[in-house]
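Peer 1: So the sequences go chain by chain: B and C. Take the numbering used here: the last position of the first sequence gets the number 1397, and nothing is skipped along the way. Take the numbering used here: the last position of the second sequence gets the number 647, and nothing is skipped along the way.
Keep in mind that a hint or two might mislead.
[As the list claims (entries may be wrong)] The calculated SDA-like cross-link candidates involving lysine to any residue, where the alpha carbons are at most 25 angstroms apart (straight line), are:
{"hint": "1", "chain 1": "B", "residue 1": "K1157", "chain 2": "C", "residue 2": "G532"}
{"hint": "2", "chain 1": "C", "residue 1": "K607", "chain 2": "C", "residue 2": "C585"}
{"hint": "3", "chain 1": "C", "residue 1": "K504", "chain 2": "B", "residue 2": "W1162"}
[As the list claims (entries may be wrong)] Label-pair distances were calculated between CB atoms; the ranges are:
{"hint": "4", "chain 1": "C", "residue 1": "K505", "chain 2": "B", "residue 2": "P1174", "range": "32 to 40 angstroms"}
{"hint": "5", "chain 1": "C", "residue 1": "S496", "chain 2": "B", "residue 2": "A1133", "range": "44 to 52 angstroms"}
{"hint": "6", "chain 1": "C", "residue 1": "K505", "chain 2": "B", "residue 2": "R1363", "range": "29 to 37 angstroms"}
Calculated directly from the structure, the hints in this document are not laboratory data. By construction, the Cβ of each residue, glycine as well, lies at the ideal position given by its N, Cα and C atoms.
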Amino acid sequence: MRADPAEYRLVSPGNLQAVLSLLASEPAQWLPIAGGTDVMVLYSAGKLSNRKLINIWNIPELRQIEVFPDRIRIGAACTYTALRQHEIVSREFPLLATAASWTGGIANQNRGTLGGNIANASPAADSLPALLVYDAEVTLISVRGERRVAYRNFHTDYKQTALAADELIRDISLPRRFSGYISHARKVGARNAQAISKVCLAALGQISNGTIRDVRLAMGSVAPIPLCLTETERALLGKQIEPSLIDSARRTVAKEIRPIDDIRSTARYRAAVAGNLVAEFLEKLVASETNA
Amino acid sequence: MNPLPETSATYEISFSVNGEVKKVFALPMERLLDVLRNDLKLTGTKEGCGEGECGSCSVLLDGMLVNSCLVPVAQANGATVVTIEGISVHAKMKYLQEAFLECGGAQCGICTPGMILAAVHLLEKKPEPALADIREGLAGNLCRCTGYMQIFEAVTNAARRKVTK
């Protein structure tokens, strides 16, 4: 059943303070809408429970990418196109730029936003594992002030987040300390373009003399939330990469993830692919040294 | 005192459509697609899936390719919109139209306006696109007739003509 636009309100305050005041005046009533690539889909299907929407597409401070010596700060309403076109994002955060290129077609990349992807909190979102491995921090803002939350603590359960009812995600901050890492981004879906992932991996690592000096792994579509593979990371850190280590990493991955059967795939397939992707990354780490 | 517009009622949206200033009375959550088709009678923009997957309703909003089914019209207030009707009178359309005709890039025609808009958007950014660029630029536009190869060929040919002429 298609939604009746007369049943919905949409206001455009045009500045951040007015947006926050409105969010605070009736907490959980107002749903922020930026590019609409999630909200409008639900709306058109008649499945949007909020009847009051607040336009944040036209708030300039949410659209900036600021570069500091030690970090970059990405406004929550920056689009995937803006991320892909940004020189520092492409150079120092290739996992994020790659994930942005995977997200929908060009039209949706022109409208979909990083903050929207975070707030929508789909465990299948492709850009979220990249934010986990890059140690992102999100700034949440409300009339009460602002607070920073480590992104790995942001998602608390399926579609549940640390965001309070009166809060808005203002920006996502990434430390600029990963440019020396080997990075690996891999998405497995039914087709290359536009498919929602069955499994996706974002991985960073450093290796010297065959030994893993640092490793950061995160996956999408294998748990109720975008998942850091902390057990696997721990099992790999400081180890020499050899076939037995790769085999045991596969087993640790399988233990650590909590995949489900759904329309896109099965838990069994996801577990097998998740192990394969980590193995592929470890082989890439080895190859990076042999080729250097 | 309430500075917010009364928004569950219609209000005046003013925007530039294909180079002309248009004013329409609309509900803010009406889809840009519906306002274009129903209020402005610009029926070249098609509705396919209605959920941002197929690209049939592609238009340019402030120069950016968007799915007009996912744009609440309030967000187009003050913006510049270009639809297939606006492109059709433009010089660059000639090469694309000729190439689509020659290569068999259109059959039933439902996806074609969106394909053309996506191609225009691509060629503006990359006048000499590689095949990979064309595949990526049109990945958000689904066609159930042609099998895509003729469309890719048409865009390649159009780019070549534009460059050589």
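Peer 1: It remains to establish, for every hint, whether it holds in the given structure.
Peer 2: Here is how each hint holds up against the structure:
The suggested pairing of B:K1157 with C:G532 holds, with an alpha-carbon distance near 21 angstroms, which does not exceed 25 angstroms. Distance check on the hinted pair: C:K607 and C:C585 sit about 23 angstroms apart at the alpha-carbon level, within 25 angstroms; holds. At roughly 22 angstroms between alpha-carbon atoms, C:K504 and B:W1162 fall within 25 angstroms of each other, so this suggested pair holds. At about 49 angstroms, the beta-carbon gap between C:K505 and B:P1174 misses the expected band of 32 to 40 angstroms.
The supplied range of 44 to 52 angstroms is broken by C:S496 and B:A1133, whose beta-carbon atoms lie about 33 angstroms from each other. Range check, C:K505 to B:R1363: about 54 angstroms between beta-carbon atoms, so the 29 to 37 angstroms window is missed.
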